[in-house]
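Colleague: These are the residues of each chain, in order.
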Amino acid sequence: MNHTAAELAKYLGAKLQGDGSLALTGVAGPENATATDLIYLDAPKFAARIEKSAAKCVLAPPSTRVAGKTILEVSDPKFAFAKAAAWLLPHATPKSAIHPTAIVSPTAKIAENVSIAPYAVIEEETEIGAGTTIGAHAFIGRASRIGTNCILHPRVTLYAGARLGDRVEIHSGAVIGSDGFGYVFGHASGEDRYWKFPQVGRIEIADDVEIGANTTIDRGSLETTQIAAGVKIDNLVQVAHNVRIGEHTVIAAQTGISGSSTIGKRAIIGGQVGIADHCKLEDGAIAGAQAGIPTGKTIRGGQIVWGTPARPLEKFKEQYAWFARLPELAERVRKLESTTIAKAQHTETD
Amino acid sequence: MNHTAAELAKYLGAKLQGDGSLALTGVAGPENATATDLIYLDAPKFAARIEKSAAKCVLAPPSTRVAGKTILEVSDPKFAFAKAAAWLLPHATPKSAIHPTAIVSPTAKIAENVSIAPYAVIEEETEIGAGTTIGAHAFIGRASRIGTNCILHPRVTLYAGARLGDRVEIHSGAVIGSDGFGYVFGHASGEDRYWKFPQVGRIEIADDVEIGANTTIDRGSLETTQIAAGVKIDNLVQVAHNVRIGEHTVIAAQTGISGSSTIGKRAIIGGQVGIADHCKLEDGAIAGAQAGIPTGKTIRGGQIVWGTPARPLEKFKEQYAWFARLPELAERVRKLESTTIAKAQHTETD
Amino acid sequence: MNHTAAELAKYLGAKLQGDGSLALTGVAGPENATATDLIYLDAPKFAARIEKSAAKCVLAPPSTRVAGKTILEVSDPKFAFAKAAAWLLPHATPKSAIHPTAIVSPTAKIAENVSIAPYAVIEEETEIGAGTTIGAHAFIGRASRIGTNCILHPRVTLYAGARLGDRVEIHSGAVIGSDGFGYVFGHASGEDRYWKFPQVGRIEIADDVEIGANTTIDRGSLETTQIAAGVKIDNLVQVAHNVRIGEHTVIAAQTGISGSSTIGKRAIIGGQVGIADHCKLEDGAIAGAQAGIPTGKTIRGGQIVWGTPARPLEKFKEQYAWFARLPELAERVRKLESTTIAKAQHTETD
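Chains as they are written, first to last, in my numbering: chain A, 176 to 525; chain B, 176 to 525; chain C, 176 to 525.
Please note that a few of the clues may not be correct.
Since the list gives no way to pick out one identical chain from another, each pair is judged satisfied if it fits inside one copy or across any two copies.
[Unchecked claim] With a cut-off of at most 27 Å between alpha-carbon atoms, the simulated DSS-like pairs for lysine-lysine come out as follows: (1) K371 / K440; (2) K407 / K253; (3) K270 / K220; (4) K371 / K185.
No lab work stands behind these hints: they were computed from the structure.
In this text, all values refer to a predicted model and were calculated from it rather than measured experimentally.
For reference, chain A alone in the conformation it holds in the complex (with noise of 0.2 Å):
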């Protein structure tokens, strides 16, 4: 369905300045744009990049004007463009549509307007809610329970008993639920190998959370794993056992978080970052790139971390830039000694 720009404005409730009636059918980047496509402008000071594109409806901030565009005056251009990309683009609701090769038990409960795409795998007395896209060779295991209008990609694994609430996106070859890593050596009763923690937990994930490809989120091992409510996690990300995550908190790709840590409310966690076990990450905390957290540790609410081990930015920006001078720090330590030493010599000889 297409919209007007002024149809969009009215959503968005923005200032329009130029033509309402234009039609809208999607969103791009200026130098692709189709003249349907919406576009955005960050500051004033790059109209230039727009002016050539085809697009003819731009989102910009107030005052801005563009040679042959009409405007959407919003503060946040960004924002406004991610929001009306989702109002242009939403998720179409599938239709009720069971692929004849998809294995559904007999005891699954499938709400209406479920999408089953071909060769998944849905166990016994699972549970899912209407709306939702389940992708090709998805498999979801026994007594998993999932929301209302929720995408599976392709291939994308539920263990027995995983539960994800409404609108929950998992992109393809992320498995949820798999047993934690917890081995228990028998040194105590002189046996010569490791024996497994049970690992007979749950893993619960909140609404709104969308997953990345090839991640890997644990069970818990006696409690439960706990992704909260519109947290984001990207690519590759590892989430061990018992770990409990707060909402709105957003994790880049690779990173890992190891058994039991708990990390707070709108906290920002960069890529390859590593968080050992028993860790606390309090609300807003902010973990820098690769940042490497010890075990048991707490970062405090809105600190800013970076480094291995991590500690706050500006201890480790202080330290760092003397770790690059330290060779001529080295020098000035060998100047001292020369000059002391020659002074001795020179005062034992006065």
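Given chain A, work out where chains B and C should sit, using these hints.
Modeller: Okay, now just chains B and C, sitting in the frame of chain A:
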């Protein structure tokens, strides 16, 4: 099948204090246990934590007494708990059950009591041992051999010719036997491109190995990648061609081991560790999380290393302590300089 | 088809010393070679290692002589070995064979001699070029285009619209074209949640690219993620939206490249390297294992960098050498302080 506290005490060699006729059906944490779940207590000082648990039977250190609980006295309760869990919740031997949608080559040799789930593909000349479970969407490449009582979770891939021992457990999405990463650039012949070095070696995984979700283990190039008995590998780990890992070594998530490195027995490798090519970690070596071990380096038996480049933990701590005090050290050098110069000037005016 | 040593000598332009009629059927390492396997010798000093090999034909540097072996003299034996392997063991062109369980859309254009394995799903409007092999459980999303002579191993996922060139090889579990990780927090409008930035761009992978197992490559957000010809990417690598990688660049396992970064031609990226967003690595840049390149940083052509934050290797070595000697340097400062103070006291008593 239910067991009693007395039977478990006998199995573990534990001293029973209380009601030996208590039924036991599972294991749990104190907070979510039912009356028939076994729980454990690490140390007597935590006894208060478990008093209000619904569980009635507790593994605990000798002489522990908790009101209303039956105690099984053991020297290492956590270890006993792991062992008890395996005893109370054994992997059921599957009945011979090959799902009609599984594609099993006529030349595959499938033993008794093998379970093969929907849409698994078992290629020609494979062998699968008794009691093994093959999950949905698994791919077992040509001429692979899988031992007895293995569990391959859904969506495991074995490239052609992989060898697994007995009681191997592989989690979803793991890829075993993919091509190693080896190329030769055509400098010598003036060809401006890479040629792939042949990756035609083997991959052998011994008994009692567990491999995490989405982990990748490459076959050898001309030799054999070898994972010895009892090795435990977490999620998203990369094991390159020709790597050899000794018995009962554990490797945490997202660690990468480069080509032709060898790791001894009972080594412990933390998360996100990087081991470059041709390294040697001797028996019992320990690499802390995020450690980076440079090409060709040897880590001695029992040594604990940390940092990049990895060095002995005590050295790292000493160096790092000074790193954290670098701004202070620099200030001390500055003071020395001003004193020395002041003195020099003073001396000159003597 | 068998070849002879003389034929191989001709193909490689090598000088033959010995029996040109020897049959060659494969390649191997000296220890596990059969009589008809080709082996190679890096340097004459290692000749003893190969004397006892069962192999009869050896690629070796000029003037190498080994008792009982036929020698093909080449300037770079390892390179010649890789080339010989590709010649002796070519990927067989598949016969046109679409497994009856493969689900191929009637609107898909499948060229001749394409092999599609069991349970592959090929969506509408896709194109697959001649000689390409699609593995079991592969998912080829709507409107994807795959060139000629590609190999997609079992369980590869292409999201809708992915483009692959010719002779592309993708290993199991790789996900191509997943959504990038981009969100905008609703600060501006007072909304306490993230909106997803549209991820509607493209993904283009050129000729002769190889991609490792469980690697993830996101499509562009509004632009295009581009992997140029001849690029080799190892297992578990993350390539984010809008990244561009130049020709013949190699990227080792578990490296992550963040959004909108560009990497030039013939660059070499070690394992577990982290490249933040909007970085630029120029042609021939080399990033050592675990290096961390901060946001927006440029690495000059041909430069070798290491460490986090990454700096030129020689600088890293110099700084690190002093880091390792920090305790010693601190002790020297302490001595200077005691000398200076002692002297100051001495001077005062003059």
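Colleague: Evaluate each hint against the coordinates.
Modeller: Hints and how they fare:
{"no.": "1", "hint": "K371 / K440", "result": "between (32 Å within a copy, 18 Å between copies)"}
{"no.": "2", "hint": "K407 / K253", "result": "within (18 Å within a copy, 34 Å between copies)"}
{"no.": "3", "hint": "K270 / K220", "result": "neither (46 Å within a copy, 58 Å between copies)"}
{"no.": "4", "hint": "K371 / K185", "result": "between (58 Å within a copy, 20 Å between copies)"}
Checked against the numbered hints above, the structure breaks only hint 3 and satisfies the rest.
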